[in-house]
Amino acid sequence: MSKPADPGTADPALAVRLDGITKRFGEVVALHEVSLQVQRGELMTLLGPSGCGKTTLLNLVAGFLVPDAGEIAIDGVRVTDLPTYRREIGMTFQNYALFPHMSVERNVGFGLRMQGVPASQITPRVARALKLVQLVQQEHKLPGQLSGGQQQRVAIARAIVIEPPLVLMDEPLSNLDAKLRIETRAEIRRIHRELDRATIYVTHDQDEALSLADRIVVMKDGVVQQIAAPPEVYAQPANLEVARFMGYRNVLELGVDAEHDGRVTLSGSEIRLTGVRKQALPGARACVAIRPEELVMGDGPGGLNTIVGRVENVEYCGRDSLIDIVTASGVLLHARAARPAALGDEVRVHVPVERALVYPSDAARA
Amino acid sequence: MTPRPFLRTFVSPAVLCAVGLVAALAAVLQYSLRAYVPGALEPGGFTLANFASLAKPLYARVFLDTVWICFVTAFVALVVGYPLAYALVRARSAALKAMILVIAVTPLFLGEVVRTYSWIVVLGNNGFVNAMLLKLGLIGEPLQLMFTRFGVVTALVHVTLPVMVIMLAAALAHVDRDCERAAASLGAGPIRTFLTVTLPLSMPGIVAGVTTAFAWTFSAFATPQLIGGGQVNMVSNLVYQLGFASFNFPFAASLSVAGLALTFAVLALLRAAARPLEQIGPH
Amino acid sequence: MTRLPARRLLRLFGALVVAAILGFLLLPAIVVALAAFNGRAILSFPPDTWSVRWFVKALAYEDFRAGFRNGLIVTAWASAIALVVGAAFAFVLDRYEFRFKRTLETVLLSPLVIAHFTVGLGFLILAAQLGVARGYAVVIVCHVVLVLPFVLRSVYVSLRNLDRRFELAAASLGAPPGRVLATITLPLLLPGLVSGWLFAAILSFNEFTASLFVTAQRTQTLPVAMYNYVREYADPSMAAISVVYFVATAALLTFATVFLGLGKVLNVEQAR
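Protein chains in written order, with our numbering: chain F, 1 to 366; chain U, 1001 to 1283; chain Z, 2001 to 2272.
Next comes chain F alone, as it looks inside the complex (with noise of 0.2 Å):
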């Protein structure tokens, strides 16, 4: 698997290549001048709530629709006004879409037909692809007849058999229960290590972005808010809303005291807090964002980031506890314990200056 090397180098040889994308449906605006680039090889997720923009931008680069403004190109090829099926695209949708009146067999060689391949080439390429997926005497089943697990392998293998430059996978796991799930998010990811092919992969489960990426491309109200590895989008997010969207549920809206050295001093509602500065502040107030599970107990080092509360709910989680505090002037903190506290119990907790991240405030954000 191919990590880029700098993601943003203009590489003649990219898979796919969006610039300036703007799609709009009436007067809604579903993407805002969206640039992006998948390298070959690449598994990159398309990330975000419903509503974000995702699929309309998965269903620009399959075809399905037309962009307002923009340009996309596949391979190296302008494909802006390429109908769907002139593209060199493989395709998995949420339902899976199988052709309910053709057998597995018949489904998964459907694309190498439509390419005139000839019928002694497809039977052994439609018998490897099954083989990938690991779905083998199902040959002569209708979908009809097969588990919605199996539905999604031949999805899939229908859709790499054709061996396209780009695949586009559609939330391929939302329709599966939770287990079934995590097994075929494994067999995805070893499917794409085999075949090493560029693959957008929409999803709203953070869980499956972080696991399967290479780069996550966090989208909120059709724009673009992070392209990055799995790590960094999870340590650093780029501003609040990827923040909030990946877990930052504690998010404080304090008065900056003193800036320095990208270190914020902030304090509000009897709470003094320094964190590492993410954004430019141009107001007197900020937003520092804190993961529950790095509210950890105890007093921070000198007594820094150390806020006290008391315990107001406690979720038993098994590995460890969901601790909802709130302090004296009414601030509701979440955090994430090894050891159960219990109800009413006064706590004390602390943040990392480097895991207390500060983003300019909602009302002073352009």
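Honestly, the hints are just simulated from the structure, not real lab data. Computed from a predicted model, the values in this text were never measured in an experiment. Heads up, a few of these hints could be off.
One side only, chain U facing chain F, incomplete, derived with CB under 8 Å [to be verified]:
(1) 1188
(2) 1204
(3) 1270
Ranges of calculated distance between the beta carbons of each label pair, as one might list FRET restraints [to be verified]:
(4) U:1264 <-> Z:2020: 32 to 42 Å
(5) F:81 <-> Z:2039: 56 to 66 Å
(6) U:1150 <-> F:20: 58 to 68 Å
(7) F:293 <-> Z:2166: 40 to 50 Å
(8) U:1064 <-> Z:2228: 26 to 36 Å
(9) U:1126 <-> Z:2216: 30 to 40 Å
(10) Z:2076 <-> F:24: 29 to 39 Å
(11) F:35 <-> Z:2171: 56 to 66 Å
(12) Z:2095 <-> F:29: 47 to 57 Å
(13) Z:2172 <-> U:1269: 44 to 54 Å
(14) Z:2022 <-> U:1269: 30 to 40 Å
(15) Z:2171 <-> F:68: 45 to 55 Å
(16) F:24 <-> Z:2017: 49 to 59 Å
(17) U:1057 <-> Z:2030: 26 to 36 Å
The beta-carbon is built from N, C-alpha and C at its ideal position, and this holds for glycine as well.
Given chain F, put chains U and Z in place with the hints provided.
Below, chains U and Z alone, put in the same frame as chain F:
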């Protein structure tokens, strides 16, 4: 409180209606087995003579003609109705859909007589088609469109089209659009997608439409009577003539029974041919 | 280069085909409308004089008026009975299992495939054998049997689309079956019931072939009266009546489509 409240109350009236229908059909069957007494309205004793008469070439001809007309009508209605049903289901604008639906469905509710009469006005020697063609100088004399099979079939297609469109549209509406998108993503152009995905998946609707069209056309009376004018006779016309012109109700009854058997036979055939499609089913 | 011309051509071709078919469907109606306003008795296209005299004549013609009255009587009774019987049976069809259910359903739906002249002939003979006079009763019963399948299908489709959980919620709040039916089920089914009734009424009012067999001179419905008229006279009075018919039906159906969701009842709305 019984576990099935209302069952008896709700089923009894339906049972009564069913009994009435069965009684009516039994009456027809019974009469078909009675002898015709000329000059009297009461039939004679039991006999199979009526059915024997059916074998006569004159009557066999009428049956064959009827079947032929029904199939041609159903087929033409299918070919003409499919594009309309497709447009109805796939049109983007709600206003266009409503317009197509109303235009397509309204003829269904006009009644046979009004529709047939309007075709007389279109097809007659003084009618619209001839008047236009004469005015445009394309023909020297009026074309004989009335009293021909062509005229009857055209009017019958017009009558059957709404039903066909409704059945086809219902099936098309349930074709998974994602399957069509999948086909496109695999390299199938619009026409190939239609032939390999849309058309096969709408087959249940096609079968239902053709079946219904056949049955409805068989039932047609006013159209062949008024436009056929005695030159084109279907079973329905013959039954009426025998009943009300000759008062030979027994023979009319036997024609009806034979017609019924024929309809059921054709329907069973069509249904058997459609059996392999059952596997697809709705998803 | 912009959009592939082949796609544009395909779209254009499709639009032309659809327009042509719609034209075919509308042609008789337009032609008849032209004929109805024709000033002369002999049909000509286009008419050289315009007049509404045929409308006046048609609306004053006694046979048409009697036919209209008879038609209303028959239709009112037949559609009401068919609605009640059909809705009740559709309910039972949807919810319960019992012996002979499928048989009963098949029998009641059979008029969809049985020729109307056979049904008409059957009721004619039955009435004669039972000694029943050829009055409204026979016609009404015949019509009920013929339109019942449509009511059944319409109400059944509505029932299938009804979320049972509303009824379950009402029951869990203490409503006995009768109250649930009256306060929850029926109001939610109303569009389907009205559509079904509308279908039944229009089909009954326009029913011709079976009526030709079972009606007598004094009970003759409007279609039968119109048929008899066409066989004897060639003037445009028929055209005038047809126009009235067409306008009334189209208006009724537009109303049904817009307010009741005819498309849904006919099951022609796109699922996704």
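Please flag the earlier hints that this structure goes against, numbers listed from lowest up. Violated hints: 2, 3, 10, 16, 17; rest satisfied.
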